[in-house]
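*Asks:* Letter by letter, the chains look like this.
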Amino acid sequence: MSQAKNNQVTFTIDGKPVSAPPDRTILDIAAENGIEIPTMCHSERVSRTTSCFVCIVRDAKSGKWMPSCSASVMDGMEIESSSPAVLEMRRTALELLLSEHTGDCEGPCTLACPAGADVEGYVRAGRHGEHRKALEIIKERIPLPLSIGRVCPRFCEKDCRRHVLDREAVAINDFKRFAADLHYDDYMEELPPLSGERVAIVGAGPAGLATAYFLRRDAGMSVDIYERLPEAGGMLRYGIPEYRLPKEVLDRELAHFKRMGGIRILCNHELGRDVQMAELKERYSAVIVAVGSWRSSGMRTEGEELARGGIEWLQELAAGGWQGDNPGETVVVGGGNTAMDCVRSAIRLTESPVHCLYRRTEKEMPAEQIEIDEAREEGAQFRFLTQPISLRRSGNRLVLECREMELGEPDASGRRRPVPIEGSEFEVTADTVIAAIGQKTVAPEELPTNKWGDVAVSEDDCRADENVFGTGDCTTGPATVVEAVAGARRVAASVEAYVRGEDRSLPPQVNVSRGHWQSLSPDDLTLLSQPAERPRTRQRLIPLDQRTSTFGEVSHTFSAEELAEEGARCLECGCTAQRDCSLRELARSHRADPELYRGAKGESGYDASHPHIILDNGKCIKCGLCVKLCGEVINENLLGFKNRGFETRIGTAFDRPLPHSCTECGECVEACPVGALDWKQKTLEQAGG
Amino acid sequence: MEQTAAVERSDLIKTLQKEQETEGYISDEAIERIATEFDVPPVEVEGVVSFYTQFKRIPPGKYHIMVCDGTACHIIGAPLILTWLADALGIRDGETDENGLFSMESVACLGCCSLAPVISINGKVYGKLDRKKLLKTIREYKKAEDSNGRSNQTQSKSTAENTGAAE
Amino acid sequence: MVTRIKVGTASCGIAAGAGEVLQLLRKTAEQHGTLSDVPIVEVGCIGHCYAEPLVEVETDSGRYFYEKVEPKQDQLRRILNLEEQGRFRPNEARAQKERTSIMALAGRIEPTSLEEYRGHGGYEALAAAHEMAPEKLVEEVKESRLRGRGGGGFPTGLKWRFLAGKESDNKVLICNADEGDPGAFMDRTLMESLPHLVLEGMLIGAKATGARRLFIYCRAEYPRAVKNLNTAIEQIRAAELNVIDGHAVDIRVKEGAGAFVCGEETGLIHSLEGRRGTPRYRPPYPTDYGFHGAPTAINNVETFANIPQIVRYGASAFTKTGTENSTGTKLFALAGDLQYSGLVEVPMGLSIGEVVFDIGGAERGGVKAVQIGGPSGGCIPAEHFDTPIDYDSLSSLGAIMGSGGLIVIGTNRCMVETARYFLEFTTRESCGKCTFCRVGTKRMLETLERITGGEGSAADIERLGDLGTKIKQGSLCGLGQTAPNPVLSTLRYFNDEYQSHVEEGFCPALECKALVDIFIDPDQCNGCKLCIKACPVNCISEDFVVDNAVCTRCNSCIEVCRQNAISRVAKGGAVRVAS
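Protein chains in written order, with the numbering used here: chain A, 1 to 689; chain B, 690 to 856; chain C, 857 to 1435.
It is worth saying that the hints were derived from the structure and are not from the lab.
Model, not experiment: these values are computed from the prediction.
Just so it is clear, CB atoms sit at the ideal spot from N, CA and C, and this is done for glycine as well.
There could be a bad hint or two in this list.
To be verified - Label pairs and their in silico Cβ distance ranges:
#, chain 1, residue 1, chain 2, residue 2, range
1, C, Tyr1169, B, Tyr714, 47 to 53 Å
2, C, Asn1351, A, Lys61, 29 to 35 Å
3, C, Asp1352, B, Ile747, 41 to 47 Å
4, C, Gly942, A, Ser62, 45 to 51 Å
5, C, Asn1404, A, Glu88, 42 to 48 Å
6, A, Ala568, B, Glu710, 53 to 59 Å
7, B, Glu710, C, Asp1144, 33 to 39 Å
8, C, Gly1222, B, Asp776, 50 to 56 Å
As the list claims (entries may be wrong) - Restricting the straight-line Cα-Cα distance to at most 30 Å, the calculated cross-link-like pairs of lysine-lysine (DSS-like) are:
#, chain 1, residue 1, chain 2, residue 2
9, A, Lys64, C, Lys1022
10, C, Lys1385, B, Lys751
11, C, Lys992, B, Lys822
12, C, Lys1022, B, Lys822
13, C, Lys924, B, Lys825
14, C, Lys1389, C, Lys1369
15, C, Lys1328, B, Lys832
16, B, Lys817, C, Lys1385
17, C, Lys924, B, Lys832
18, B, Lys831, B, Lys745
19, B, Lys707, C, Lys1083
20, C, Lys924, A, Lys601
21, B, Lys751, B, Lys703
22, A, Lys61, C, Lys1328
23, C, Lys1385, C, Lys1326
24, C, Lys1176, C, Lys998
25, A, Lys158, A, Lys281
26, C, Lys924, C, Lys953
27, A, Lys16, C, Lys1328
28, B, Lys745, B, Lys703
29, A, Lys281, A, Lys363
30, C, Lys1326, B, Lys817
31, B, Lys821, C, Lys1083
32, A, Lys601, A, Lys158
Stated by the list, open to error - Short derived list, chain B residues pointing at chain A, Cβ under 10 Å:
#, residue
33, Asp717
34, Ile723
35, Ala724
36, Glu726
37, Phe727
38, Pro730
39, Pro731
40, Glu733
Build out the structure end to end from the sequences listed, making use of the hints.
*Replies:* Put into structure tokens, the structure is as follows:
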């Protein structure tokens, strides 16, 4: 081998010619030449382990693969540190590490939230009395916390791990409501100056409002919202009843949008009548259609025109300030939230019986269980497995002919299809019949639609046509407010990328999860401390007689004490290192898939006995930095490798607890590239965003 | 003195092997004691013990059965032997029965491949086993154990010392 | 006249019952009167392990072997009287093709008789070495083109030259006797039968390289070998044979403790140092930084065993055996589906077929493949059996020479299961340090378990190839770098078996439990109920129907049935038969 002069060797890294002394590592020389090769198990302070192989590179000359942290430079090498083949090897190393990793980067609550809010973060803030901080965290993703804090179906709670201990979730949404009730009016987020770009939105319902919010806050764009109805709010005002969401609260919520500056809401402006699509497309950089799904589906029976549409009936009631004529004995046909809204609103307007007919059973009803339960408490009479056949007038009453049903085979939605029972017809008489069996979108005629009549938008960027985008119910069919908010964030990012011609988006965040709570037992969880043993705090409600005669808000916001007590039930599932984890970071930038090599997990025991430090074997990548630091640098030798092969793990002698004095040192904790050794205390600085 | 310490450390495994031979396993107390003797952190000794399959951390049975799972034995039927033994003794690979009489483990090649399948009981090798021969061998051990607890075939608790009848 | 009686008591002999034979033979000879003074000694293995227990009777007119001797007094008496019929002879073909060179004295002399070893020329090579300058000695080994017999095939002379060139009083020479490949027993045989041969090679190595400390790192599972080596070492010290250039070279045996990865050079060194036996990255190579930092060279047992003859008869004589790039002989441990299992020594260059059929007596047409090189090696299908056995020819087929384990795989064995078996071994033996080996082999194993369990998919087969290649590239040491070999070679040559498992849920060899049922043919059954009695899980009903949900596929019923009425059939259909 030729040795260059002055005992230097010459070689190339990513095509760049370099010379260096022969005993330096490829990693170091690369770094000195501005090429950062990622590593996880490498540290200048201790002897090398050569374990993770994330730093792997290839010498094109010899074809050899080598760990750059340990391989010395040699004459004539042609090192590739980020060719496609090298990146693939690196990604595979990360995917293998992810596959043996047991943990939850984010708690399941955060992952379940359609809007991606840092749920665990705001629950923790609320628990510790940091309410402004909680609102800040919430508003990062949810611009309508006053409303959503009242009407959300609580996707987060369905996945809450607390179920593993006592079969009931933490009352998460009540934390949102508390923080919003307390601080919404006095909290102003940081806003960039207006950029001068202008965007039009059609529809001031939750989808349109949230889109406006994100465009203003994240991109500095000015937004004009065109709303056909006399006031803004969409479903929040004209669909959801007063007793669930007082309109005074909604007005407070909307006031903030005006305070932000840059958002204008023009009511009584209907698309097609007061303003045309063509001019919007012309005058604005982009147009976002968020018109919702407002047309009630008919019963598709004879006499269907005699029934009121659910959403139209509610809209009328709303326009009248939630005061209306006595509807008399009322029959509501349907099983969704709109049906419950109609049932419970009718109960408040009449002393006569109010019935709800649904063609399947209670189990299959799409409405939230809490709505069904509260409706029942208020006196609603449910009749299941009942299908209307025809409707006719008889004097000044209506006669609804119905047939009994039974459940047969499942249909496309997975629910069992109702099958008529021949000869089981019967009649129900009422003064008012309301059909709340679904809504359809009335799409602007210029736009393409899908087979259900919704506005058709591309999945990548929510675009319908040229510079026209779509979001919310009008693209998905009727859904929830929080889903509208989630969609709004996506379309806002797409609009920004479209208008500015650049894509700021990062690769999707990587998440490792222990799995759904239904498949877990308490031993499967890493508990930092003993969680409070108490049942779930219930919402306090107004007395029943008020519920059946007024539209007063049914539920109360939690008190601060209730919040603290309920917050102590949270198991804090998200990993302490979630924002400070090399594995997660590298996995994201390399687009590694944690599920690709799904299989057995490594050793998963943990030790939470130390007051400040958590040792969680399930997250360990066997890099050995902790062992070496405690041994070679600190000279305490508290940690060591045990077992062999896939069962390798780190621990103290006989798994005794770490001494309290470790708090003052913390070297192993700081060195750990993942959350296997970490500080237990989750600071509030960690939370948010 | 660096040299002496280094030479002594290289006797660690031999010391652990002696402990394994005399006691049949390595206890926590033994690890502490040996760690002190060698001036090595206990967690490191524990790490060495847990790395090598020869060292056990729980006491074995009076008769420890090693079932060879080398290539030849495996092809000819070592997994069946484990099954037959599991049925006869009620224990699985790596376990000791409740009387502390028999323990069983599957081991890497014993080096007697022409006699596959092979097991060794307390170091005595039995080859060319079929189910009948295997169960007969076990019965003989059980019988010898029943008669006053003394066994014709008892070897010391020492590991695979193939003494043969000559010694 | 009987001059001496030898009983083979290497491990294979003992396992076959040689211990009892020896004891009874001594008793019988004592009673005999005229033979009570005849020495009855224990010797090592002659390599015909299938014939153990072997007894050799030396007379002044010749030597006679008797095979499969039982501890029955009348047979032993007849043997002593030279009246016993049926003397053992190795088969013709083996006698022709074998080249007993390092194994020449195995089973001939008492393993721990220094005098007998010397009587047959032992330690003459060492004496000759003393007369040579170290550089000349190294040169001789280089000229012999001897390559490491542990599997790596690295030129021994070159390795010794590196070590010889280091300036140090602390140089170390290690004999790697951690023979961990399942199915390999070449080194065990050499150490049990000819400990002095190995030690002589090491002492010559000490002279050539200047090493002052010699270690033999031997598996704990070889107690007989350890014992014989220790005895031989004591004899060497007593005879001062270990005094080299004025220094008493320190020789000691250290036992492994059950970790295959300690056969890896740096893993071995760490284990020798009293630590966990995890390898480290190389360079620096052991010759630069080895045992406690001292310059160290590591050679295999068989490599050392070849040294004395090279020094005694010269390098050019050595190169006359074998091929151009693979000189000398190689020991193979033959096992599997063949008649004459045991240890054979063949010249390099002999074809696989000659070893398998001529020497091993395997049935022509009954062999599907051979596995060479153990868990690091590959499977070579029958159509390549004319390939000569040498380092380079084998590696071009995707296999490796390995340490010498050679398993003959019959046509009724499943290649997918074979691959799974080897991968299970390497996964269990992985030290766990590096990502690709620790996690990758585990994932490959899980994939193979799905396939043999009848739940594999085409994507699984693709994953095996992809992940296998990556593990080879991204592993820290030879264990990980070679663990995928059995899988990759079977994928290459027996892809159809994989496809069959995945696409049809059919194991062509009817071996994979999940894909096989046990079927009792009512037409052949005579109702004797032997099967019902034999079944360990009571899954055969009184009317001779097997409950395959409970059945463990142990074959007990098949073994006892005298009517051949019971067979393994493809799951879900009795019609398909093993191909």
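*Asks:* So which of those numbered hints doesn't the model satisfy?
*Replies:* 4, 8, 10, 11, 12, 15, 20, 23, 25, 29, 30, 31, 34, 36 and 37
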